Each structure stands twice: as structure tokens, then as C-alpha cells.
Amino acid sequence: MLVMADTAAVLTALGDPTRRAVLERLRGGPRSVGEIVSVLPVSQSAVSQHLRVLREAGLVTDRREGTRRLYRVDLDGLTALRAYLDGFWDTALESFQRYAEGENA
Amino acid sequence: MTSETNTVSAPVVRAVHVARSREDAFRIFTEDIGAWWPMESFSVFGATARVAVEGSDIAEHSAEGERTVWAEIVESDPPRLLVLKWHPGTDPATATTVEVAFADDGDRTRVELTHSGWETLGERAMAVRQSYDGGWLQVLERFVAAG
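Just so you know, the protein sequences line up as chains A and B, in that order.
Sequence positions in the first sequence follow our numbering and run 1 to 105.
Sequence positions in the second sequence follow our numbering and run 106 to 252.
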């Protein structure tokens, strides 16, 4: 949906099994790409690509620490999605109520 | 981490009361969705598009004739319950679940909507993986026993 663009990005990001596996790996704490790759049957470039999608969806943040770049779960992405859905359904249900009570049937 | 996750992991629940019978509320919610849905706020193709229930699909059509499916109706039990596989603007593989329950409340109807599944995609993946782990463990145990 128009305003759903950001939400769609989050849901699409979560929809891929490898990306969910990457997120699960990060639930244990910040990790480097290499540490994520070591437990997944995918290449480092594939994991980097998945991390980019997760970052753009606001689900993962990264930070440089010395020579390593560490990735961590960003709950802001999910919190924003939740706040969005609350407002989304409020608007839709209010519109339904207005119409239903105004309709002469 | 766990407590933080829990604060965002409850399904979204929203409710509204309408001064209509349950039968009317259910009918208007489904058959008249094209009349009440706020297309100007939420649509894929914009305010000039239209949405309608088409068989078991809820589909949007643009003025140019494009069609996109927002949801599949997976359960319809009028005038009590509607369950949707909800994926507007996204791949059906990323569908979440929307349940709409209609209940009598005096001379009005309480319409309660529960949107779930989006918040637990990660947890579900973990549960699936654990069930696979368990399955392989059994297979391996049998293999070891047989050897």
C-alpha cells in the first residue's frame, strides 16, 4: 500500500528464511559477517546482501569496532511496524464505522 | 533482549463498536469494502483505485486495469468470523494473519480485529528449525542404534 512501503520492506525482509536465520543468529548478540556465515550454509557475499536488506528495513544496525563491522538486531524496526499497524487499523475501522452507521440498508 | 522482544511481540488488536446488527456489520465489512475502505490513506495504486471481494480474494484494481491481491479469505463464518491471509503490497509468502470477529454488545456490534504473524516471523522460524533439529536427532539416534 502507498504508506505501506516501509512496512512491506520489513515484512519482505522477514519473509526470507535465510534472513530470518541471520536474525536468529543476531539474537544472541552482535556478530560479524564471518561469525554469521560460519553457522549458515550460504556464502559471505549472500549474507552481506541479506544484511543490507535487513538494515534497509530497519531490522539490523551495524557498527565498526576496530577492524570488524558488527551487526545487531534493531528492535526499532519492529516497534515502528507495530505503531504503524495500530494506526493503520484504527483508520480503517473508523472508516468502516462511519460508513456502516451512515448507510441506509 | 527477551523482555524487549516481548514488548513488540503481541499481536495488534483493535476494536470498534457499530450501531448495526451483527449480520449487517459482517455484510458491510465484506461486501461493501469498496465503499468504506479508506483508499486515500491505504492502497497500492492510489486513491483512484478500487477494492472488492472477488471470490476468496480481496483485490484492488487500478484505474488502468492493474490488479493486485491484498488478501485471501481463509475462513468466512458469517456473521461471526472472518480470517484473512493478509499480504497487501507484498509477496504472499510473507502473508500475516488478520482475524475479524463480530460479537453482539447490547444493541450494537463489537468488531474486533487481530493482526498477528508479523511479529513472530523470527520466533516461528526458530520453532520450525528446532522441530527439524529434533527430527534429525531421532533419525541419527536410530542410525546409531542400528549400527
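Because the hints were derived from the structure by calculation, they are not lab data.
Since we're looking at a predicted model, the values are computed, not measured.
For glycine and all other residues, C-beta sits at the position ideal for the given N, C-alpha and C.
Treat the hints with care, as some may be off.
[Claimed, not checked] Here are a few chain B residues that face chain A, going by a calculated C-beta distance under 10 Å:
no.	residue
1	123
2	124
3	133
4	134
5	138
6	142
7	181
8	183
9	184
10	218
[Claimed, not checked] Result set (EDC-like, lysine to aspartate or glutamate): computed pairs, CA atoms no more than 20 Å apart in a straight line:
no.	chain 1	residue 1	chain 2	residue 2
11	B	190	A	16
12	B	190	A	56
13	B	190	B	169
14	B	190	B	217
15	B	190	B	180
[Unchecked claim] Some chain A residues well away from chain B (every beta-carbon gap over 12 Å; in silico):
no.	residue
16	38
17	62
18	97
19	98
Discussion item. Please verify whether residue 190 of chain B and residue 16 of chain A have alpha carbons no more than 20 Å apart.
Written reply: 17 Å, holds
Practice prompt. Go through the hint on residue 218 of chain B and say holds or violated, using the shortest Cβ distance to chain A against 10 Å.
Written response: 6 Å, holds
Worksheet item: When the nearest CB of chain A is found for residue 183 of chain B, is that gap smaller than 10 Å?
Response: Residue 183 of chain B check fails; min Cβ-Cβ to chain A is 15 Å, beyond 10 Å.
Discussion item. Please check whether residue 134 of chain B passes as an interface residue: C-beta within 10 Å of a C-beta belonging to chain A.
Written reply: 6 Å, holds
Worksheet item: Does the nearest C-beta of chain A fall within a distance shorter than 10 Å of the C-beta of residue 181 of chain B?
Response: Since the shortest Cβ distance to chain A is 17 Å, the answer is violated.
Worksheet entry | Given hint residue 133 of chain B near chain A, where the shortest CB pair must fall under 10 Å | 5 Å, holds
Discussion item. So if I understand the rule, the pair passes when the alpha-carbon distance is 20 Å or less; does residue 190 of chain B with residue 56 of chain A pass?
Written reply: Violated: residue 190 of chain B and residue 56 of chain A sit about 25 Å apart, past 20 Å.
Item to complete: Sort out whether residue 217 of chain B lies within 20 Å of residue 190 of chain B, counting only the CA atoms.
Response: Satisfied, since the Cα-Cα distance of roughly 16 Å is no more than 20 Å.
Worksheet item: Is the interface hint for residue 123 of chain B satisfied, with its Cβ closer than 10 Å to some Cβ of chain A?
Response: Status holds, d = 5 Å.
Item to complete: Using Cβ atoms only, decide whether residue 124 of chain B comes closer than 10 Å to chain A, and label the hint accordingly.
Response: 5 Å, holds
Worksheet item: Looking at residue 97 of chain A again, its CB stays over 12 Å from all of chain B?
Response: For residue 97 of chain A, whose nearest Cβ neighbour in chain B is about 5 Å away, the distance does not exceed 12 Å, so it is violated.
Discussion item. So residue 98 of chain A supposedly isn't at the interface. Is its beta-carbon more than 12 Å from every beta-carbon in chain B?
Written reply: The assertion about residue 98 of chain A is violated, with a minimum of 7 Å to chain B.
The structure shown violates the earlier hints numbered 7, 8, 9, 12, 13, 18 and 19.
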